[in-house]
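Asks: Here's the letter readout for the chains.
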Amino acid sequence: MKKTKNILFAFLLALIPFMVSAQIDGEFVKARTGTFLLKNATVMTVTNGTLENASVLIKDGMIAGVGTNLSEDGAEVIDLSGMFIYPGMIDGGTSLGAVEVNSVAETVDNREIGNVTPNMQILTTINPNSVAIPVTRVSGVTTVLSKPVGGLFPGTAALINLNGYTPDQMYAGFKGVVMNFPSSARRGRFDRRSDDDIEKAKEKAVKEANDIWENAVNFHQMQSEGAEMQYYPEMEQLAKVVAKELPLLIEVNAASDILNAIDWVEGKDINVIFMGCDEGWRVAEELAESGIPVIAGPVQDLPTRASDRYDAAYANPGKMMKAGVKVAIRTNEVENVRNLPFHAAYAGAYGMGKEEALKAVTIVPAEIFGVADKYGSIEEGKRANLLVSTGDPFETSSDIMHVFIEGYRIPLSNRHIRLYQEFLERDPGLGN
Amino acid sequence: MKKTLLRLYVSVLSLSMVFSAFQVSAQSDPTGKRRITDSYAIKDALVITGPGKEAQLSTILMKNGVITAIGSNVNIPAGTRIIEGDSLYIYPGFIAGASDAGITKPEDPERPDGFLSSDPPDEIAGITPWRSAADQYSSSGKGISDLRKSGFTIIQVQPDGGMLSGKAAIMLLGDENTSNLIQENTALVASFRGSRGMYPSTAAGVMSKFRDVYKNAEQTKNVNDQFGNNLGTRRPEFTETSQGMQDVISGEVPVLFSASSELQILRALKLQRELGFKLVLTGLENYEKVIPQIQESGAGVLIKLQAPDDKASKKELDEDASEAAKEQLTRVQEAYQAALAQAAKLEAAGIPFAFSLVDAKPNKAKEAINKMMEAGLSESGALAALTTNPAEMLGISRVTGTLEQGKMANMVIATAPIFEEESQIKHVVVDGYVFDYETKKKKASGEAPAEGIEIAGVWDYENAGPAGSNEGTITITKVDEGYEGTITYDNPSGSGKASAPISDIELSGSTLSFTFSVSAQGTSIDIEVVGEISDNSMEGTMDLGDFGSYPLTATLTPNFISSK
Amino acid sequence: MLGLISLNGLAQAPKGSVLIQNATVITITNGNMEDADVLVEDGIIKKIGQDLRAPNGVEVIDATGKYLMPGIIDAHSHQGLDVVNEASAPITSEVQMKDVVNPTSIGLYRALAGGVTVSHAMHGSANVIGGQNATIKHRWGTINPEDIIMEDAPRTIKFALGENPTRVHGRGNGIQPRTRMGVEAIIRNGFNEALQYKKAWEDYNSNPNGSTNPPRYNERLQTLVDILDGKIIIHCHSYRADEIYMLINVCKEFGVDKLVFQHTNEGFKVAPEIAKYTMGASVFADWWAYKFEVYYSTAYNAAILSRNGAITSINSDSGELIRHLYHEAAKTQRYGDLTDEEALALITINPARQLGIDDKIGSIEEGKHGDLVIFNEHPLSVYAIPQMTFVDGIKYFDINEDADDQRISVSPTEMVEPIYLTEENHRCMQGTIRYYGENLFKHSH
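Protein chains in written order, with the working numbering: chain E, 1 to 432; chain Y, 1 to 564; chain U, 1 to 445.
Chain E extracted, bound-state conformation (with noise of 0.2 Å):
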């Protein structure tokens, strides 16, 4: 499995041109941008095939040229001969950037106090800084959906890449208004509440649901007639989902809440993304057929219920797929956004494919948030979001070599290679 490779030669290559200097203790390396040629890789372009022995031209942020006979003029030339080129990977749900520390409530930013907040905006909290933002982009994952927890209406979650010094460089635009559609599942086994009992809580919800909607739709409808409207924060985010400004990213996951919110958003002029569906399988006929878009995950998850075949959430995404579905997938995760190769190669393995589940990290995605025209493909003049690899990125045996964030070449370190650095030959070693 294991070629001998070192992730340490990665890192010394980004290393290089500062290397002509002795080595200044502390020295950091930046991400730096430029002109750069990668040459010689196995190009896997996603919407255009695999092209051999080719090369990639980024300049100004933007992919400048795909092909064989790009000019080196100018550019930083890197040799990539045995290696591959592959889009950036896109993680469609996380939390990344707004929690440190799950369990330290001063690092958790992304669940506010509140059912229906969704005036409050994720890309406000995201941390540039966070330490797991390198962690995570070292795997060849560039850019996520940041995305609030909590009530009805949570928030607005916001893509983002990962690098920038501002929320606002790392922005990738598209935002959306969370909505976790109200839910007949359990919250755990300590829920002991009747099936009758969450019947009625869920239906309560529902109406509750309704009822808000209902506003936003009059406080929509009395704006656009010029109407002069009191100051009402949740209302006018909720009104620019009914607008069509933004799309209601909706958190749906029992088979039949997944109906329920396929029932509440028919009739309902919006744009709507899914996320989760864990049960999704089971109505996968009627998701193909009502033409929302999911974001499925994570992948590397137990089943729902005790009845089902053990690798229900593995296999969630092909049987979508297969349906006729539009699959993107999430890791829904903060510290390890890094796993989302591997959800994706679990899903791939499960029934999807190895190629569907490299789309459902690349291109769906970006189609999905309408970012396909900047994301999600090595294409000429699309944004410079790419990875190199040695091998498959989805194996662990395969390095990730090099990693370039809107034409940035982000710096193969984080704390977690430094630490190794570090500590893996100690000195002073065993002994007082």
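Keep in mind the hints are simulated off the structure, nothing from the lab. It is possible that part of the hints are untrue.
Claimed, not checked - Output of the computed footprint for chain E on chain U, the stretches with three or more beta carbons under 8 Å from beta carbons of chain E: (1) 105-111; (2) 134-147; (3) 288-297; (4) 324-331; (5) 334-347; (6) 382-391.
As the list claims (entries may be wrong) - Below 16 Å or equal to it, Euclidean Cα-Cα: the simulated EDC-like pairs (lysine to aspartate or glutamate) are: (7) Y/K326 x U/D405; (8) Y/K315 x E/D195; (9) E/K354 x U/E377; (10) U/K276 x E/E425; (11) Y/K366 x Y/D320; (12) Y/K440 x Y/E454; (13) Y/K311 x E/D196; (14) Y/K311 x E/D195; (15) Y/K315 x U/E417; (16) Y/K215 x U/E417; (17) Y/K311 x U/E417; (18) E/K240 x E/E203.
Just so you know, even glycine gets a beta-carbon here, dropped at the ideal spot from N, CA and C.
Based on these hints, arrange chains Y and U on the given structure of chain E.
Replies: Then chains Y and U, alone, in the frame of chain E:
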């Protein structure tokens, strides 16, 4: 802590002094309620003297709580009250192996200063083997009269509490004004219930603590034995707990372990194997797969007198339900059948068992037994589980469990063979006291409707109820194969009227019967109405189960367009 | 699947025979063998080689093009337990997980479907010295705990340092320990009381004719005595380097060398000490940042520990991760470039050593148990899928033949099967640790 041996005939502390025939206080009875004699004869009844016995036409004579004669040729002395036993069936009084009826939980002791949740005093942590159920029991306590009404005459009651709540006691369900204690200190009541917020808080902690308590009680006993024999031995340090355990360690008293599931049963058996105590398992609900282990252990068995709710197994699926959903329903249905068949499997394995009534509803007891019988339990097996088996297990078979001369006058007197559906209990005799019960009008039993009787239309009815009188209408419509209808009634959880569909509408001869259910305060009550019709009017009863049975009258306003 | 395995409480576990042919056999301890056969008879690996013949009546499985490896061993799990934490005292060494094993827990089947044949069912991490653990074999289909508790596995006990015990007892109940200083003190108190207890019994026993009385029997202290006497292996939940170092020192002082660290996220900082003085560390592949004491972690932990010579294993502590420990082990190739042999040792022979059962399982060797798993691809590939799993030569998982619904017991009154969204569980799990200090999802770290 001395064992109270069969104190039945020496009710020293009893209030019954006041009413006793041998009273010492030379008072008359100004209430007029005292029974005029303690001698009764039930004449010419069909007597089933015990499990597996044929009904014999006999007369039973009893005096002072004891059966003095039984047979076809019995002389009835003067001064005997005679009950006509014509067409009645008499069975030995039922005995339950475990019950919490009549028990009031003692107050929790206060936490001492410096209380450590990691090392709480035994009493606070639910370790109270010295307590006696007799001290927590009241003959007029909750559930007693319902049990008696269902035919139970003797129960072993267990104290309320934690993992070792105390000692069980055997009680007669007799007259409230007599002492009903038969025997104290009959079993140590144990469960896997942890204490909230202190050690031991889980089943794992409870098992460890159980071993600790047991082994230290053994050690105390050994030291005590030494103390008498070896000069220089320090005195044993007796504690309430170690004292409370002594009869268990010596094997005189079994541990009555609540174990409803297979895993809990195996855990109790594990403790028994390790420590060697006598064991009675109680409250068994799921035990099918561990019957061999139970058998091997020789433990006594008290199964919970309850059938699982059949709602899930009767669920109907839509036609387009998935294969997986159908398979799952099949599994639920199989589990339901398997649960009912467990008692039959115990019987087949030759394990004598009796019943536990803790958390079981006495008014559903017969239904539960009938379902067990449908699933294979024999009639004699069912009767044994209610009479001879518990008598044997409780060590009182010499004096009760069957109907024989010299045994206690405990019996159940019913209108038909006891397990038959229409059978109703008319009298229960406990300790020679006769308790009478109103029998409902005979429920419709499939006779052809009498000619000229019409039930379709709107009936105006009124009846007494638990909270005063109630009135409303019953609307019955003839449909293809029978009838359907609705009933209105005073809304129990608010003002105005509520209504409910009625079902099982049957007209048999001139007897109309139907059922409906009413929801109130989160519980559903099944109500049965039976009435005799003549000339567009009906007289009958409305039976509210636990809440009693009430007379009902109704008149019909015929509705000539009611036939569809 | 198999119905009831044994009738009485102490029955012998069932053993099977099978011949698996033409596989790439990954022996772990002896390299790989291409196109090889493995014969299991009566639960024991009888022969490994080419062109083996099946004795009469022994099933033959053709594994051409497939990979055969020893059953995976999870050194940290809570699957198959009805109770995880007796969280009511800082020391509960008398508590035994063997008392609360639940062989019908669906998590055990799901583990089999991930190739895991043996797991270490541990007490939780609420107490400084928790309960004794159970090493279980995943013999699916029985309701009897005795059928799955591994015969002859040494006793092990859970210790826990750091945030969990200080939160539960210090902040929750207002008793020691509230700090990592207090954690050390609790352990020292326990060990010293145990020495006194031991001495009291020795004094008593040396004077059998009796003018003294026996000390009060105390299983809690007796268990600690057994630890000091080397009869029990400590498996200690730990994260920070300082607390790991503390326990190494305490154990050295008390002459205890049967010590394995669990989680050990900062083990890499004291890898030389762990390598020299202990039976190593059992770690996560990549979990970090879910609480403060794991914020300064690295996914290279397993690699650093391995390369420093510490016995290292990768565990799940999770009903989800236990299903793909082979993939968790494979992550050490991305994070530290371990060889195939080193990576697979993390989930086979190394955890076996840490549980004291490496003479019985953990590799494919003649004389060891027939605990085996067949993969369609190399088990370190992210696309590998277990095909069949055997325990003692009996097949308990078959990807093609098994029914979807594997529940052993079904409630006769279940109207709607409960739906658990593990997305929520995963989050709640971390929350419950924080607020209750005990593991509602059998998933606490």
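Asks: None of the hints should be skipped; say for each whether it holds.
Replies: Going down the list of hints, with the structure as the test:
no., hint, in the structure
1, 105-111, "holds (count 3)"
2, 134-147, "violated (count 0)"
3, 288-297, "holds (count 8)"
4, 324-331, "holds (count 4)"
5, 334-347, "holds (count 8)"
6, 382-391, "holds (count 4)"
7, Y/K326 x U/D405, "12 Å, holds"
8, Y/K315 x E/D195, "14 Å, holds"
9, E/K354 x U/E377, "15 Å, holds"
10, U/K276 x E/E425, "15 Å, holds"
11, Y/K366 x Y/D320, "38 Å, violated"
12, Y/K440 x Y/E454, "22 Å, violated"
13, Y/K311 x E/D196, "13 Å, holds"
14, Y/K311 x E/D195, "13 Å, holds"
15, Y/K315 x U/E417, "13 Å, holds"
16, Y/K215 x U/E417, "43 Å, violated"
17, Y/K311 x U/E417, "14 Å, holds"
18, E/K240 x E/E203, "26 Å, violated"
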